[in-house]
Every structure is written in C-alpha cells, then in structure tokens.
Amino acid sequence: MEEDMATKGKPIISTGSPKGSKKRKTISTGKRYIINTVLTVLVIVIGQMMIDNGSISRYQGSVLEQVGIYIIMAVSLNIATGYLGQLPLGHAGFMSVGGYSCAIFIMRMMGPMHVTMYDFMTGTPATTLLFVCGLIFGGVCAAICGLIIGIPALRLKGDYLAIITLGFAEIIRVVMLNIDSVVGFQLTGGAKGLTGIPSYTNFTNTFVVVAISLFLIHTMMKSRHGRAILAIRDNEIAAEATGVNTTYYKTLAFVVSAFFAGVGGGLYAGCIGVMAPAKFGFMKSIEILVMVVLGGMGSMLGSVISATFLTILPEALRAFADYRMVVYAIVLILVMIFRPQGLLGDYDFSMGNFLEKIINGEFPWKKKQAEEVEADE
Amino acid sequence: MSSETKQKRRPVIVQMESPNLIPERDLGQIPVLEAKHIGIDFGGLTAVDDFNIAMGRTEISGLIGPNGAGKTTIFNLLTNVYKPTRGTILVDGYDTAGMSITQVNKLGIARTFQNIRLFSQMTVAQNILVGFGNSMSTHLVTDMLRFPKHWKQEREYRDKAMDLLGIFDMQRFADTKAGNLPYGAQRRLEILRALATHPKVLLLDEPAAGMNPNETEELMDNILKIRDEFQIAILLIEHDMSLVMGVCEVVGVLNYGKIIAKGTPEEIQRDPKVIEAYLGKQGVK
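Line order of the protein sequences matches chains A and B.
If you read the first sequence in the numbering used here, its first letter stands for residue 1, the second for the next number, and so on.
If you read the second sequence in the numbering used here, its first letter stands for residue 1001, the second for the next number, and so on.
One thing to keep in mind: the hints can contain errors.
[Claimed, not checked] Quick list of the computed label-pair ranges, beta carbon to beta carbon:
(1) 1156/B x 332/A: 42 to 48 Å
(2) 1141/B x 163/A: 30 to 36 Å
(3) 359/A x 1215/B: 40 to 46 Å
(4) 1148/B x 361/A: 43 to 49 Å
[As the list claims (entries may be wrong)] Some chain B residues flagged as far from chain A (calculated, every beta-carbon gap over 12 Å):
(5) 1045
(6) 1049
(7) 1196
(8) 1209
(9) 1227
Please keep in mind that the hints were generated in silico from the structure rather than gathered at the bench.
Positions of the beta carbon are idealized from the N, C-alpha and C atoms, including for glycine.
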C-alpha cells in the first residue's frame, strides 16, 4: 500500500544514461560544499544584521530561535521515524534530558570559569566554550538515555514501541520532578522549575548549531551507515539477510536521534530561560511528531519547512487567540487529506543538483519533458 | 545456448556413502554448506524432517517439490531465519547454531526471496551498496565529517557496484528507484544485491518465477555465469523444470518436508517416487 502511494504519479523508469551523451555540466563535490557553506553563512549574517538594526524585533528574534530549535527537534525525530521507520513518542523526554543537563552544566561551570550572566550577552571565548561543551554534554546525556531505552524498546515494533517510548518520556518527566528530594540537594528545581538559566543562545549560535546538526545528520544518512538504516526501514528481513546488523543500526539511529534531541533541548533551555517538567509532557512529543509527519517522513527539507511553519503559525495567529488552535487543526487535517505522505513526501532538496540543472538549462519550473526520478547529493 | 554446451559444463557426480552428493571436483575439500539431519516442527506439525545436504564449492543444486513441501522453510533454516528443532548446519565448517541471520550472512550465505524484498525506496546502486556494507570499513565519524577516506571508499564501491550491475547489463538503472524497476529487473537486482555480500553459497528462491521462457533461458546462462565468475555454490528452488534440469548438477525432491529422491536431473526425471509426488499414484505403472 505505502509503496503504491509513494510511487503513484511518477514515470516508471527514467531513461538514465542516454542523457549523459549531451555532456552534462556538473558541479564537483568540493564546490557544492563551498556553495552551501557560503549560502548558510550568508543567511545567518543577514539574519543577525537585521536583528542588530532592528528590522526583526526581539520578539521575532526569539521566535526565530525557537524555529531553529524545532528544526533540530523535527529533523532528529525524522531519523527515527522517517529514516528508520519506527514510531517513538518520547522525543520530548530526550529534549528535557538534554535541556536540563545542558542548563545545569552551564550553571555549575559558570562559577569555576568566572563567567557571569552578563558575559553571555556580549559573548567571550569562555562563554562560547561553555556553550559548546554544554550542548555536547546535553546531547551525550540524552544519547545515553536513548541507548538505555533503545536496547529494550527496539525489539518491539509499531504501537508497542510507541507505548514504551511514551512511558519512558513520562518516567523522565517524573524523575525531573522528584529528583531533588532523592539526591538531597537542588538539581532540577522540581515542579517550580529550573530558573536563572543564563540566556546563552542567540540567533547566530542557534543557527550555526542548526546548520552543523543538519550537516551531520545529512552526511550520516548519505554514508554506509545511513544506507543500512534506510534498508531496515524498507525491508527489515531483507536487510538482515544482506548482512545489515539490524540491532546495531536501529540502536545507532535511535541514539543519534536522541543526541540531537538533547542538543535541541540544550538550546531550548537557553532560549526560554526556564525549565519546567510540565513543558515536556506527551503533547510536546506529539507536536514534534506532527512536524515530521506534516513535512513528509524521510525528507529533511520537509521537516525543516514544517517545523518553521508550525512554530510560526501559532505565533502569527496570536491575534485570533481563540481561533488559532482551530486553524492549526484545520491546516493539519487538510494536509493529511490532500497530501497523506506529507508536504514533500520523501523528496529532498539539493542545492548542488538544483544549480546543476540551471547551468544545464533544465529549469525545474519548465516541467515539460518526463521528469527524472530525483537522486540526492 | 545449446543443450550440448550445458551438458559439457555439468561435471560428473559421484555417489558417496553419506546421504549427500557432491561433485567430484569438490571432493577433497570440506563442503561449503552442510546440513545434517535438520528438521523443524511448528507446533505439532513437522514442516521439515531429516534434511541433509552437502554442497561443493562450485556446485549448482536444485530443490524441487510440490507447493507446501517445505522448500522455502529449508532456506529459512539454512539462513537461520528459523532455528532448527533438530540437526546441525555447517557453513564452511562452522556451526551456525545460535547465530543471527546477519552472522550467517557474514559466514557466507546470501539469499533471494520468493516474493521480492528489495529496498524499494532506495536506488538500484544504493541497494547494492547496502550489500557491500560489511566490506566497507569507514568509521561513523569518518563518514559524518566527510574525511577524504570516505570519498575514496564511496567512489571505490560505487565503481564496484557498477561492475556488478554490468553482469546483468543494468548500469543504466543505477539511479532509478528499485521499486520502479520492471519485475524481471527487480529479480536480477535481488541476485546482485546478494552477490554484493561476497557469499560462498547463493540461495535463490524461485528466481524464474513470473519470467517468460526467453527470460528464463537468459537466467540460466546468468546462473552459470555467476557460478563461473564468482566460483560460488548455488542452491535454487524452482518450479520451472527447464531451468532446474538445465543448470542443476544435483536435484533433490522434497515432499511433505522429506527428501524423497536425490540425484542428477536425468535420474530424477525417471524416478517413480517423483512422478508419484507430482502426478499422483495413477501415473505410475
């Protein structure tokens, strides 16, 4: 059924190599990387400049930061749902583990490193170091949780995996709520939350982290490891018979997914400034899952677009306060009716391929000839 | 290919005292795949009982039998998809008991499936690269940070994949989604993917299913070509008698989970028990 849906409407076979006889101009891999890096830097610099001169207000700036955070969350969940083909419902759990551990790490290290709250506003080498270490620490803590839950949970499939991960996220929430009285000193701040987190994120460092995360996830998926993960999604039995160590790769995908969720959580703690267990309930996991499903499972660009859209939409609809949840729901229902495979299906955009087509005179908006099946990178 | 050349390629079979047959050229070596008295019960039902096989290094054998005789179950036993209730399986002398499917594959058994199981959302080249996965050595970090070693290896294996596709003249499909290939090409791709894991034994589950006589003829040539080029043993399940009789050196006939006859294709064709299994008792005079 799924296969039918995905392949419907596409030409059966592309003609392939005969086209190559025209001597297609290509862009070398090195150049592609340079182009992409330049574009990314350009976007970040322009964004930061607009924030500096006030064309983007402080409020809009913080929404943009959240957009970046949810992009990481959606893309990291996409590893487990879109690429591995499982349905974990505990992504908010990993996010909170990452957020708490990153925030606590930075707060505890501020003293020994002689960093004050105000240093984070101006930015010093010490704050950058703290920021990087904090995020990695948060990511690693979340990854360890991912490993602990992944090993038993990934023996299960479908609904059962969803339930066990859901339960796990709840366990994390309850642990965060009660751990203070267990360890005997103030760690997470319990129900009233962890306050006084320095605002160590800003537009630039958030989006640098976003770019690095997307790059690492992309490169992992376009390597032998990524292919093994995709093979498990497409046909687990065949993957096993083809020598793919399914247990290892499932766990790997799950752990990497949890790692980046932890990084996203770390950014979230810095952006919001307050961590409370109540924020990381079941609904948060669902929210992230909706982003992935809406964008198209297995499409990184899809996750990015829908994370952006679904983070901005509720903010943009704030004026219609009472109706915004209704509009939000209607948008989702419409998408699910008319594009059940998600906005982009499993299409992925490649700037290099796009430019290659332009310089070869094949404009994507002039789709007269039979279009080729997309190949990435 | 004319029938004489096929006859020539088929080596002499020698009868051994064990219940197994092995081509003469492989006699000095240990069998690459050996099963001794394996059997499996599903609940009270004995699906396979007392199955024995010993395959020479470059042997092509066939397994035939009516529907439901247990042929695919035997493949699943040999690849450890099912754990045998009784008996031992040795791959190149190693006991596979307690191994995972992946480990058995690493020992040298690759297979195709009766109902095609490709990675349909991935491209043809990627399908084959998954098969090469275990021979690629780069570490996750090397791949994620795109060190030069990653590119070198990717190029190397991409070329290898194209070479492999060349066997069936399928290079032009390299970047097509596997699920969009025509049926015959999907079957061929499955064989290539299995070959990419560097097997010592290739198990083909009904490779000619759904193929027309021309394609079957071509497949026969290809099976022989694969054996000669890769020097591997091939065990195949097939209903198409022209294929079985054309390429197999030894044929085993399975009925109700038991081997009822074993021998060269000529012997099998004359065996009254086989005729009985296929046509019923009245056929025997």
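The hints, checked one at a time:
Hint check: residue 1156/B to residue 332/A, Cβ distance near 46 Å, so the stated range 42 to 48 Å holds. A hinted range of 30 to 36 Å for the beta carbons of residue 1141/B and residue 163/A is consistent with their spacing of about 34 Å. Against the hinted window of 40 to 46 Å, the Cβ-Cβ separation of residue 359/A and residue 1215/B comes to about 41 Å, which satisfies the hint. Taking the beta carbon of each, residue 1148/B and residue 361/A are about 33 Å apart, not inside 43 to 49 Å as hinted.
No Cβ of chain A comes within 12 Å of the Cβ of residue 1045/B; the nearest lies about 22 Å off, and the non-interface call holds. For residue 1049/B, the shortest C-beta to C-beta distance to chain A comes to about 24 Å, beyond the 12 Å cut-off, and the non-interface label holds. A cut-off of 12 Å between C-beta atoms contradicts the statement that residue 1196/B is not in contact with chain A; the least separation is 8 Å. Annotated as non-interface, residue 1209/B keeps its C-beta farther than 12 Å from every C-beta of chain A; the closest such distance is 16 Å.
In this structure residue 1227/B is separated from chain A by more than 12 Å, as the shortest Cβ-Cβ distance comes to about 20 Å.
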